[in-house]
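Undergrad: Residue-level listing of the chains:
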Amino acid sequence: MKRSLLHEFTKGFIEENATFRMVIGMCPTLAVTTSVKNGFWMGVAVIFVLTFSNVFVSLLRKMIPDQIRIPIFVILIATPVVIVELLMRAYLPAMYEILGVFVPLIVVNCIIIARAEAFAYKESVLRSFLDGLGIGAGFTCNLMIIGGIREFLGTGQIALGSFVFPSVKLFEPLVVMLTPPGGFMTLGLLMAILNIAVARSAQKKAH
Amino acid sequence: MVNLKRGSGGIAVPEKKELSSSAKIVDAGLPNELVLFLSQHTGAPASALVKAGDSVKRGQLVASTQGAVSAAVHAPTSGKVKAVEDRYHPVQGRLCQAIVLEPDGLNELDESVRPRASAVEDITKEDLVALAREIGLVGLGGAAFPTAVKLTPPPNKPIDTYLLNGIECEPYLTADDRIMVEEPHDVVFGFRALMKSAGVKRGIVCIEDNKPEAIEAMREAIKPFGELELAVVPTRYPRGGEKQLIQVVLGREVPPPPGLPLDVGVIVSNVGTAYAMAQAVQKGLPLVERIVTVTGEGVKTPCNFRSLIGTPVSYLIELAGGFSGPVGKVIMGGPMMGVSLKDLNAPIVKGTSGLVVLQRGQIKREKVLPCIKCGRCVEACPMGLLPVWIAACSDSGYLEDAEKYRAMDCIECGCCAYECPSKRPLVQSIKLAKNRITAKRRALAAKK
Amino acid sequence: MGEKLIVTPSPHIKSPRTVKGVMLGVVISLLPACVGAVVLFGMNALLILITSVVSAVVAEALWQRATKQEITVGDFSAVITGLLLAMTLPPGVPLYVPAVGSVFAIVIAKQIFGGLGSNFVNPALAGRAFVLAAWPMSVAGAWLNPLTHDAVSSPTPLAVLKGGGTNIPGLWDLLIGNRTGSLGETSIILLLLGGLFLLVTKIIDWRTPVGFLGTLFVGTWIFGKPGALFQGDGLSAILLGGAVLGAFFMATDYVTSPVTPKGRLIFGIGAGLVTLLIRLWGGYPEGVTYGILFMNLMTPIIDRFVVPKYYGYEHDARARKSAEGKR
Chain A
1 MKRSLLHEFT
11 KGFIEENATF
21 RMVIGMCPTL
31 AVTTSVKNGF
41 WMGVAVIFVL
51 TFSNVFVSLL
61 RKMIPDQIRI
71 PIFVILIATP
81 VVIVELLMRA
91 YLPAMYEILG
101 VFVPLIVVNC
111 IIIARAEAFA
121 YKESVLRSFL
131 DGLGIGAGFT
141 CNLMIIGGIR
151 EFLGTGQIAL
161 GSFVFPSVKL
171 FEPLVVMLTP
181 PGGFMTLGLL
191 MAILNIAVAR
201 SAQKKAH
Chain B
208 MVNLKRGSGG
218 IAVPEKKELS
228 SSAKIVDAGL
238 PNELVLFLSQ
248 HTGAPASALV
258 KAGDSVKRGQ
268 LVASTQGAVS
278 AAVHAPTSGK
288 VKAVEDRYHP
298 VQGRLCQAIV
308 LEPDGLNELD
318 ESVRPRASAV
328 EDITKEDLVA
338 LAREIGLVGL
348 GGAAFPTAVK
358 LTPPPNKPID
368 TYLLNGIECE
378 PYLTADDRIM
388 VEEPHDVVFG
398 FRALMKSAGV
408 KRGIVCIEDN
418 KPEAIEAMRE
428 AIKPFGELEL
438 AVVPTRYPRG
448 GEKQLIQVVL
458 GREVPPPPGL
468 PLDVGVIVSN
478 VGTAYAMAQA
488 VQKGLPLVER
498 IVTVTGEGVK
508 TPCNFRSLIG
518 TPVSYLIELA
528 GGFSGPVGKV
538 IMGGPMMGVS
548 LKDLNAPIVK
558 GTSGLVVLQR
568 GQIKREKVLP
578 CIKCGRCVEA
588 CPMGLLPVWI
598 AACSDSGYLE
608 DAEKYRAMDC
618 IECGCCAYEC
628 PSKRPLVQSI
638 KLAKNRITAK
648 RRALAAKK
Chain C
656 MGEKLIVTPS
666 PHIKSPRTVK
676 GVMLGVVISL
686 LPACVGAVVL
696 FGMNALLILI
706 TSVVSAVVAE
716 ALWQRATKQE
726 ITVGDFSAVI
736 TGLLLAMTLP
746 PGVPLYVPAV
756 GSVFAIVIAK
766 QIFGGLGSNF
776 VNPALAGRAF
786 VLAAWPMSVA
796 GAWLNPLTHD
806 AVSSPTPLAV
816 LKGGGTNIPG
826 LWDLLIGNRT
836 GSLGETSIIL
846 LLLGGLFLLV
856 TKIIDWRTPV
866 GFLGTLFVGT
876 WIFGKPGALF
886 QGDGLSAILL
896 GGAVLGAFFM
906 ATDYVTSPVT
916 PKGRLIFGIG
926 AGLVTLLIRL
936 WGGYPEGVTY
946 GILFMNLMTP
956 IIDRFVVPKY
966 YGYEHDARAR
976 KSAEGKR
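Protein chains in written order, with the numbering used here: chain A, 1 to 207; chain B, 208 to 655; chain C, 656 to 982.
Hints were generated in silico from the structure; no laboratory data involved.
Don't be surprised by glycine CBs; every beta carbon is placed ideally from N, CA and C.
Hints are not guaranteed to be accurate.
Unchecked claim - Each computed DSSO-like pair below joins lysine-lysine, with the alpha-carbon atoms no more than 30 Å apart: (1) Lys659(C) x Lys507(B); (2) Lys817(C) x Lys638(B); (3) Lys857(C) x Lys964(C); (4) Lys204(A) x Lys37(A); (5) Lys287(B) x Lys264(B); (6) Lys917(C) x Lys223(B); (7) Lys976(C) x Lys571(B); (8) Lys490(B) x Lys574(B); (9) Lys638(B) x Lys880(C); (10) Lys857(C) x Lys549(B); (11) Lys571(B) x Lys490(B); (12) Lys917(C) x Lys675(C); (13) Lys223(B) x Lys507(B); (14) Lys212(B) x Lys659(C); (15) Lys611(B) x Lys976(C); (16) Lys857(C) x Lys574(B); (17) Lys611(B) x Lys549(B); (18) Lys659(C) x Lys223(B).
Unchecked claim - Where chain B lies over chain C, by a calculated footprint (3+ residues, C-beta under 8 Å): (19) 832-840; (20) 880-887.
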């Protein structure tokens, strides 16, 4: 039974959530999520690359020989990565400075090559497009949630452009949340919570 | 005196021997009914030679051996066989075939009971081994392994030392202590008979240093015999286990299972066994009675009884003045390794060295808490094992890992569970693993 | 005789030692040093101790309530965590530090991993490491002068040494705790009193503290003085910082240290080594926390490879040897 088109998009949020369910793409997840903003732009970059590569892999799937498909995927992924990198450098130089090496590193991001191999290589263009969009959007959400928690606890505030919430610091910020240990802890706890929630709902369904 | 070696592990437990250690051995007399299990020993059960309605006499053979590792059963007194039926076996915890005997009060001796020799020199090695088999002699320390089998080691395993085990490391029990104090010459006689039957030249009497009276008595009794030595072992549970005894007295270690003491040239027998052997040689009396300590805070007058095999537990407890108050547990054997009885009609078997009655107030129902990895069980284990991990593997079903942690080496002495501050039933967990590993091995062997 | 009998598997007698008893023993052994801390550093020390213990206990109770488990705060393990955490903090920290530290220690380091017996690092130390990383400025700079209780900007003696200075308090002052430092780490005599109590009651094994302090002493003696071997001040290395507190009360935590005696010696030596490395060549003035935490992580490995020689081992070893010889 083919899944509905809508489902190809929505599955990326919970069911096949890249970070918490498949546990891939950990590098940027831990490295750049010190604020909501960083998470958002990293996510956008991934959405762009993922959708682009999914569509092109899917388009060319009948022509790509099996034996050398991985090098071809890498080329198909590298292209949008270079585009994103140049665009960011031109229009968001400050953000590019922060994200740094993690933007070019999207080439080897597990999520993208995994979707190319496991999904786009077998599915139609439309489905691949939706899949790329959905998984990417789910990933972006993860980065923003982790970033939000870390930013709030680590700086005492969440800054979205000129809007800062809360306007006064309610507590002494916990610097540790901005460091890698803070990232790991946030990730681990969120993963645990999501797993409990999924297990509970599965239990309910079974009853 | 023998120079002692270093023993491993073990624990100090409250001894509580003083309750009954000065009580002279008294005859328990005849109960109304005797129950003789056909399986009172390690190995194949004996097969019954009598049926309901038969009359038997004291010392008459009522069940003969079956197979190489087995022991015969004799009638402890004269009377009528009431039934041959299944009864609940207190030690094995299941229904087992038993001969139920109703004593007639006459206590007539069977004609087979006749003196064999008055000195060890007057009887041959072969006759001694045959006698041990004939009288159904088993190790009286608790494991009840048929003695005749021990006495005939394979020729490629030379035995150089015979240890007489008078350690009695279990708390409360004083049966062996009393035998040594009251009948030291018979014990030495029996020991020398056992040594002769096994062809062993060196014998060591081992006693724990908490029995000064027994040590003195035995020291006197072995004086005339140059081949006998005395080893006074510092009190520590479970030094009386044969592996631990061999380690501390001789500095040898029995190989892991299926290794036996004879693999390191040693045979170990209990003082009770030696005493029974002396009775057999001097009077021709089969193994129909033994010394049983009835003790514990739960009985009014702790005693040491000379009791017929098959005597009901309830009879002995009544004889010891009955319960001193609300009863908690009645333990057959010592409190560390014994079995708590559910039914006081259960009879004494050959391996029963004592009955320990604990008051209800002494039994604390303690909650089992999670293991805190304090490592007390590791330090306590006399076998150098890691009870904490064996039990953890067993509890979570990892049998292979339990086996790798050498679950099968466990002697179930209970040191780990005694020491555990979380009150975890470690022995039970390890026993479970052992049973399941054995079952798995059997299944594998059957497949092949 | 119709009495109802209790039937259980053997052994039928058990040692009087219980988990609660052991934990209570540890609490008692910590009390002298806690009283000493209050005497030295005043009310603030008392408030920190109370805050820390109360939040640890409340956090444990609430967590167990929320996850529908049996509430086991009566076993004193949370009290120990709270006390130990408080004792590792400078006397001038704001009260939210011990509060948050205790909650982190109990919920994140202990309960999430399964509660008593299942945590993989010492909860108190995990709590301390967390608050130290969270508020480095207020935790590492809130020292008070003993007895006068006024805030000082001068560093602790260890930090003085780290900076190349030599001006540290005399031996007597170090022993009675007349120096700046964390709440519970300064009064060495009172700590040793508690440690001795634990040793005598056989609650802890001597191997861990001896391995720890011995390594620290010898290591500092050999390498302590830059440019010269065998001239370092080993004694001060033990008396300064939290070495005694850590060695007797934290490295000996049952759950997170090995189960075998040999393993515990290795644990102690390892923790001493890491502490030494951090103190002499690392970025922090003090390394006891990380030394012990590091060895906590090594504990499963130690437990895997350091196993006692089982009875009959010699026989098996000989058999293996002769089998190899034949080949």
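Undergrad: Against the earlier hints, flag every one the structure doesn't satisfy and list their numbers going up.
TA: Numbers 2, 4, 6, 7, 8, 9, 10, 11, 14, 17, 19, 20, in rising order.
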